[in-house]
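Residue numbers (the numbering used here), protein chains in the order written: chain A, 1 to 347; chain B, 1 to 347; chain C, 1 to 347; chain D, 1 to 347.
Worth flagging that the hints you see were computed from the coordinates, not collected in a lab.
The calculated lysine-lysine pairs, modelled on DSSO-like cross-linking and capped at a C-alpha distance of 30 angstroms, are:
hint, chain 1, residue 1, chain 2, residue 2
1, C, K318, D, K6
2, C, K70, B, K6
3, C, K315, D, K22
4, A, K22, B, K315
5, C, K6, C, K22
6, C, K6, B, K6
7, D, K6, A, K22
8, B, K6, B, K22
9, A, K315, B, K6
10, C, K6, D, K315
11, C, K6, B, K22
12, D, K318, C, K6
13, B, K6, A, K318
14, B, K318, A, K6
15, C, K70, C, K22
16, A, K6, B, K315
17, C, K22, D, K315
18, C, K315, D, K6
19, A, K6, D, K70
20, A, K315, B, K22
21, B, K6, C, K22
4 protein chains.
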Amino acid sequence: MMIIMKSNATPQEVEHVIEHIKDAGLSVHLSQGVEATIIGAIGETHDLPTDQFEVLDGVEMVQRITQPYKLASRQFHPENSIFPLDGFTVGGEVISIIAGPCAVESRSQIIDTAYAIKEAGASALRGGVFKPRTSPYAFQGLGEEGLELLAEARDLTGLPIVVEIMSQVQIDLMLKYVDVLQVGARNMQNFNLLQVIGETQMPVLLKRGLSASIEELLMSAEYILAGGNNQVILCERGIRTFETTTRNTTDINAIPVLKNLTHLPVFLDPSHSTGHFDYVAAIARAAVAAGADGLIVEVHPDPVHALSDGRQSLKPEKFAAMVKQVGQIAEVMGHRLASVSPFPVHG
Amino acid sequence: MMIIMKSNATPQEVEHVIEHIKDAGLSVHLSQGVEATIIGAIGETHDLPTDQFEVLDGVEMVQRITQPYKLASRQFHPENSIFPLDGFTVGGEVISIIAGPCAVESRSQIIDTAYAIKEAGASALRGGVFKPRTSPYAFQGLGEEGLELLAEARDLTGLPIVVEIMSQVQIDLMLKYVDVLQVGARNMQNFNLLQVIGETQMPVLLKRGLSASIEELLMSAEYILAGGNNQVILCERGIRTFETTTRNTTDINAIPVLKNLTHLPVFLDPSHSTGHFDYVAAIARAAVAAGADGLIVEVHPDPVHALSDGRQSLKPEKFAAMVKQVGQIAEVMGHRLASVSPFPVHG
Amino acid sequence: MMIIMKSNATPQEVEHVIEHIKDAGLSVHLSQGVEATIIGAIGETHDLPTDQFEVLDGVEMVQRITQPYKLASRQFHPENSIFPLDGFTVGGEVISIIAGPCAVESRSQIIDTAYAIKEAGASALRGGVFKPRTSPYAFQGLGEEGLELLAEARDLTGLPIVVEIMSQVQIDLMLKYVDVLQVGARNMQNFNLLQVIGETQMPVLLKRGLSASIEELLMSAEYILAGGNNQVILCERGIRTFETTTRNTTDINAIPVLKNLTHLPVFLDPSHSTGHFDYVAAIARAAVAAGADGLIVEVHPDPVHALSDGRQSLKPEKFAAMVKQVGQIAEVMGHRLASVSPFPVHG
Amino acid sequence: MMIIMKSNATPQEVEHVIEHIKDAGLSVHLSQGVEATIIGAIGETHDLPTDQFEVLDGVEMVQRITQPYKLASRQFHPENSIFPLDGFTVGGEVISIIAGPCAVESRSQIIDTAYAIKEAGASALRGGVFKPRTSPYAFQGLGEEGLELLAEARDLTGLPIVVEIMSQVQIDLMLKYVDVLQVGARNMQNFNLLQVIGETQMPVLLKRGLSASIEELLMSAEYILAGGNNQVILCERGIRTFETTTRNTTDINAIPVLKNLTHLPVFLDPSHSTGHFDYVAAIARAAVAAGADGLIVEVHPDPVHALSDGRQSLKPEKFAAMVKQVGQIAEVMGHRLASVSPFPVHG
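Build the full structure now, drawing on both the sequences and the hints.
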């Protein structure tokens, strides 16, 4: 961390800053130039807030040199993280596709979808059971009944299930049923929730917040990693900008940037990042071409009657076409689609 | 709600939309023009998601006519909401100022601050005890010990206390101690939390999310109001934009816009909305000049040693100067500062 | 255009709006519902500003049904626009790559670059001669001398040249030398410039402004088309958002959205949209996977000594590798790289 | 300027950076710490682009210490700039209000407005004659005829006139008629135009671009100052953000920030920054409470029939009420409204 002093800072002010650095257990590297005096704070600074120094008299600005996260960084862990899910592997040379409806609505809806997406080449089934809706008057999800339906779909198809957890009070219920936890964009900085997840060994798909910076996404991953859970998948799902033609703006730059900064697998959600089924396939292809490790896509057998997000859900046949295109792009990238396990044999 | 059909929509598609509207319990008003066919859906539509219609074949776009919130709207409740807190009243002609440190750090810190802000003219004391920090390595708050210290400060000064609740699991603890709940920006769409608060009769200061639209802020208020709790204060605290000179961009437009759209009291937090103590007083004055009903301001007796947000905290003497200026602006606006109750007599 | 009246609008106010519509030469379609009165204005409304109606007493809001642009819209011109440049064709099944330095700096720099990019598979050479620099103290370009060097590079390699025009006073100079005009992001709404270009028959690459909406980009294209010049290439080059890890945020959604809304060819500039050479190839691949018709990429033989934009310029060998990858993605999409003409034979 | 090397930078890479600094005529201050090697570049660096160093091998990042502008900075010129216009003074303790229609439409319109705003307390008359409209089909202004009408209005009322210049080709025409040039938001980085204005001695009101940072606004002012023209007024007019309830988001923070960074007078345009007449007065009061030196406000005698911007124009009587409120706020701030000269006596 470097503290840059104002050009008119007094020697006393410089001395005062130096004392503060020493109080924080760091060593000091003083550099007095003509243009400015710069004080380096040397040591373990990734856990030190910069504003402790910004408020000191005579300080012009504070510049962090090392990243504020550590366990998530590629510097700390140069190799890509690869980890097994039930039936397939995330990261590495494999492109994984998670698919399913926004919300579990009924037995036939989720089971039909599970069969259809498996047929098309998906690796896992998603489905929400607690829905964070902006309107208090909208459908809020089936709760545990939904989890039971998802578990049944898993039994029938062999697909692992991915479900959003909305609050730390749901953790035991979720652990009982799901294979991968999902943290939604609105909860990316629900630190209580992140801590509870960090204490499990359950893989987690962590979605970027609507207006979260890439650094903040990595800091949220750091919360989970710091708790001892290493199986974190990052997921870009579009950010909020001035452009309103699409629901969100897909930050496609985030894919190569994250692959550069972190060893964690990076997914993209083209359903939320565009908000419209017409654009999902194009952005899914772009994600894989940019280096993404996987996708999470909304699929619904009957979007017109979906209780939520119908506008951004693909019908199974359009999803199948998308998977095919994505597989071809993956090959150009030297990757391949996760191979799908056979249907389970019961009895 | 109006459904605008594509110029090449078929009669069958129009008929299909009409059926959907009737299925939703609404009546239909068909308007077939040269340029476009428009189908009005008449009835209680504020709880109806637009995307159910957007996915139908032949639909160009769906335009909501009525607002998606009801209880929060000025149409539904034309008069300003005014409600009593312990010792003062929020809304109406009174400007209320809540002040205190970002986090409760120690007995002397919070009690010194409480005396100082009361002296300066504040109406209530704020202080965080569970801190949502972006870094897992940063100070996370004193928890219940902090609540006890706040209660002691209230006993000594008579100031009601305002504390942020971060999770629905904290609700009982909070109800035991606090006078006003605060919902932070990151929790504005933590709908589980909003529902739990809606079931209490505790006044709540609801902060706008970093990238929440004004409409989304009102929808979150609607969650609380729909639960039966009418005492909601809205609080603008800066939004995230491309401008990085200040920590956030104060959306000062939100003040007159909210006063126009809703009957609820509207506050502004110039500490977070600027991120720097140098700019707090200017933006506090601007807020009141624009029509705000109150302010929430970070004050710390020793910002240099604050464990969080030191850079945006005012020293008590600067806060006192700010209160004086704000009082003068309030007078021009035909308002007045909340009168401060005398110190309590103990014994 | 639909004018939605306030629920408490008087019959006189409704009558007044109707008169206004008739004064504008439009016919009226009145729809009086329980929820709201809606007045349709039928006719040629794409050239009618909505705010003429928004200010009328009793009006709640005005909703445009038809797009405000016409010549640029796919409704008006359903087939893709394809037009020849000197030596290759833009649009259709061909992916074209324009490459070259930010600024022409010297004879050897531009000629070396021209040979290198042609060797690698580029279709055209770019190079700035008037540079819009944010600092008055920075290098401002070589002016006409730069144009002469570009013309020499064209003679030697056969590559058509693409040059940014910054002001309408440069039009005659540009027409004398260049094959494709480029309008930079900062000039996307320099309407005087757009009008002057509209009066020529010179192909133009129109870059999206830093904070321009997709609709505004199409409106700027409309200015050129309305003048009679049909050869407009649209170019996404990144928008300004809160994310600062990259220089800009590539709005990859804009590619499929524009392909849907307009018949004009759509390019992407991954150099500006990322701001860093490390990310250019990934975003170039993503663009073509999303459906772009071409790319414009900064290439410099010695980025370290570039007078501008060195950080986002590819070295020729990295550019060649990028072209190869892009070609493979193009094939998956059923497209192919523009075939490069042989080097001209002189003498 | 500080160049921070990667932790694994080689001694050769460090040496290479040092050579580059010396080549730029600067001296070097080397600081080799445990965490990082930092190389200071000492000397006149405000005119040196950082990207020359960012591309060198081994460089992690480059941090500017001094501001990239000089003449505009308060460090260079600590006292507030105050300069006379015809009939009043800008800057200092005086609050000036410029008012008038978006566009000059007719003789009676502009002359009626001029009388009305002078009566209400305005200091200068604005009116556009070349209109930068997003649609090629919209009203484009009266041109020189409009300038003649403005000059007549000045003769009759004594009010100096403020007119937007859209292109450097208009400079002679403008100098013949106007008292203050206005540079619109879309032209804030039209550097050719800024240079031409810098060569005159005409006061200029420079509007912030829709997505321009505060630093970029100051860089654009630097262009004019560097040409020798010191009479620059900065004007905040709203920035583009995700919030769409208002046309733009007033960046009220920019007022105290600019007053801190620069000696130039700072105005605010509440008409554009809100986009709706209902909010203009509230934001005008806020601006002055935050420390602005003046306002520019759209006033139209008949907004319903305005050819542009009717929705954000005040009627004269509402403008008069606004001026009164602003005057009261100014008094609290220790400022006063510019005193209005008597009407000229002709004859």
